[in-house]
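**Student:** Each chain is listed here by its residues.
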Amino acid sequence: MLKLATLFGALFIATSAIAAPLTAPLTDAQRALHALNRLGYGPAPGDVQRVQAMGVERYIDQQLHPEKMALPPVLAQKLTALQRAAPAPGEMLSEFRPPRGSDTLTAEQKQQARREVYQRAAQQVNEMRLLSAVYSPRQLEEVMTDFWFNHFNVYADKGITRVFVADYERSAIRPYALGRFRDLLGATAKHPAMLFYLDNWQSTATGYRVNGKGKVLGLNENYARELMELHTLGVDGGYTQQDVTELARMLTGWTFDPRGDAAGAVAFRYDAARHDNGSKTWLKQAVAPAGQAEGERALDVLAASPVTARHISYQLAQYFVADVPPPALVNQLTQRYLATQGDIRAVLATLFASPAFWDSANVGSKFKTPYQYVVSATRASGAQLNNVRPLVNMLRQLGMPLYGCQTPDGYKNTEAAWLNANAIATRISFATALGSGRMPLARAPELDASAPMSDAEISPVDPAALAATLGPTLSANARTTISAADAALQPSLMLGSPDFQRH
Amino acid sequence: MDRRLFLQTAALAGASLIPFGRSGWALAALGPAATQKKMVVIMLRGAVDGLNVVVPYGDANYYQLRPTIAVAKPGSPDGVLDLDGHFGLHPALGALQPLWQAKQLAFVHAAGSPDPTRSHFDAQDYMESGTPGRKSTQDGWMNRLLGALPGERTPTRGISIGPLLPRILNGSVEVANIANGRSAGKPTVLDRPKVGDAFGQLYAGDDKLAQAYREGRSTQKEVMSSLADEMMAANGGAPLPNGFPTDARQLARLMRKGNVQLAFMALGGWDTHINQGAGKGQLAGRLSPLGEGLAQLAAELGPMWQDTTVVVMSEFGRTAAQNGNGGTDHGHGNAIWLLGGAVAGGKVYGDWQGLDSAALHEQRDVPVTTDFRAVLAQVAERHLRLPDKQLVQVFPGLNATGPEGLIKA
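Respectively, the protein sequence lines represent chains A and B. Quick note: the first sequence, position 77, residue 77 per my numbering, numbers continuous. Quick note: the second sequence, position 330, residue 330 per my numbering, numbers continuous.
Be a bit skeptical, because a hint or two may be false.
[Stated by the list, open to error] In silico BS3-like cross-links for lysine-lysine, where the CA-CA straight-line distance does not exceed 27 Å: (1) K135/B with K412/A; (2) K73/B with K215/A; (3) K412/A with K208/B.
None of these hints come from the bench; they were simulated from the model. These figures come from a predicted structure and were not determined experimentally.
Looking at chain A on its own, in the form it has when it is part of the complex:
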């Protein structure tokens, strides 16, 4: 208690100069905290001091080059083990199909088998995602993986999407999270997760039948519409209903075979027989029949469009700077995108060096999404995370289940979307449980994750350590109030405070 007051006192002296006028320059500690908050999921114990010591510019540069940063061995081992234990999409799908000639399972048994496969897949991908978000030093890679997942959202619980989700994130999103937008666009367009979720795998020339028999298929415009509206040009991007239909025709034949190839792998396949070979007019241009190349060229055009550049720049500025981003910054990023042919790393480097990013009016001003809140609280608490289930449940309760956004627009990151009366109360309940050590995060994965906690399992967060971790997060008023409360309640108050709801 005394220790905490002293610590707060020291911080207070160090930061009081900036507490009053908003325009005062940021202290080194505040700059470090801001970088940790926005490029990642906030400080873990020791982070603020470490970034201060190495210099914020160097930290940012490091974050922009995650490939040069090693993962801590414990995390790397855990991820490898999870990866190894997880069946590939083809294997999961084959579990839905009993071996030839032995189709004796009832509909209920098949349903049960399917549910078990989905549950295993969900558990695996949730663990990989949350362990990485909490422990990975490549925080910006984590943030951008989540950002692009939302941008190219798929809903895990639509049909068989679940079996593809982990592979989608690992092979279509993460490798390009700081790469070229065109590569990211192509990888998502061709991944079975997206092909299935937005139905393009079934979209064919009108009147096409599989092998010339069976059900008559035809055009499905779901993916083509969202490709322009959400993934590239944006809803006001100037395309028409006819452009949607024509783009859908250009993308016919982009599919996958859910039975997998000879090796059992489920991958993109261009099926010329499904393709609409008629001529098309798209975005006022004549498109000569060219098979798969029609779709490839469409992605080229969309990725290189200044309208797309602006749309992506706006979204990046909204995520990293402010809910309503400054137009000058959006312009600057758009120019950078166009000058670098959509190099995401270059656009981000410009963003992190911009005056708008460091403007004190934009520091500590974004309301955390439930995901940012839950991950940042877990990081700050220093809790040992073996069992992610309490975090998964909390995200569901807060309306942001992992891989659970039904609609293709993904989760928003604005205050208007997430700030409400129920959310604050629920976050405080979470903070109270986490701060007092009453959340079974440390429980070994092989134990029952939902069993009540024994007294031995309860390990409250140390208030002085947490105060040091949070650095200049808390306002002077909050510090005074918290110092006056029971020591046992202090960590909960810090993690549940209004200052920690923002970043």
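Chain B: place on chain A using the hints.
**Tutor:** Showing chain B alone in chain A's frame:
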């Protein structure tokens, strides 16, 4: 009878209907008539296929346009439930048939937004802001409506069920959102005085977070007292499955025992681009719990159902023809559903122009012949007794009219 006289009469009549429970007393003291008339809005996000909900089975074009997903004629297996000899109701909505027969269920077909967007997100935004085509509107029409209605503002007078506060209720008037399922109203850690006091001090400011915190506290107190006996009963039994019927019952209890006047709930999963099915299948599987939940809401509300109007709406309709995958793509006009004791039901309203290709919007969709705001405005005026002057605040720029007489005189 002029409106003011009506309001006074209603106030007197209303007062005697109020049960003398704890919250009943509080309500009576504030003047019950003000909040006696209720409105519940259910939004089907993702664009429900209105042509397979209120099916024009009398139009041969319907069956031509939808060779494998049309719902069969009445009397056939999995066929529609006849409504009026031309339209039929999807068979998965059988739970609503008694309401139709009691003339407490009506539809306005070919309704929707004057804005032609086929973007889910823009269309939902316009339907919630109440200003189609204008993106700069900050608040939702239900919030403006709440602000325009006379009577005391209480924490749960406008509520949403679910973890997010929807755009439609966003605005300057205090509203509440409560959790789905059975967790609403259960004591939380903040109900422990020491914890509640400490957090109360942290959230003592007047910024948005502090306001949200205090709204949450006052909502929690009201919901806890409204549902106290339900909680005790629920603790003894097994937890009920979550889902719309559970939420609808929960809402009915809150409405009966609390001060709720305007309520909102959203349901997703209607974007059926593929294999939507006909009388059975994917869409049927979504409609069935919706119908059951609405029927339970009606039953649980008891006498209050007479004072309640439920509106079910969706951002746009779907293509008249099925697409290449046994589904439907984004369209335009849709059916708005109206339920309640005050609804002049048993009728399909609207300017229905048939499904002949010449009648279709851009040769593909049901045209919009009724502005959704005209329907909502009529409920606000005739049912909630919102004065004309305030109507302009709720739906600025609305000059469209819709079918008259949706609400009983």
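**Student:** It remains to establish, for every hint, whether it holds in the given structure.
**Tutor:** A quick look at each hint next to the structure:
At roughly 17 Å between alpha-carbon atoms, K135/B and K412/A fall within 27 Å of each other, so this suggested pair holds. Taking the CA atoms of K73/B and K215/A, the gap is near 23 Å; set against the 27 Å cutoff, the hint holds. Straight-line distance between C-alpha atoms of K412/A and K208/B comes to about 19 Å, which keeps the hinted pair within the 27 Å bound.
The structure fails none of the hints (numbered hints given earlier).
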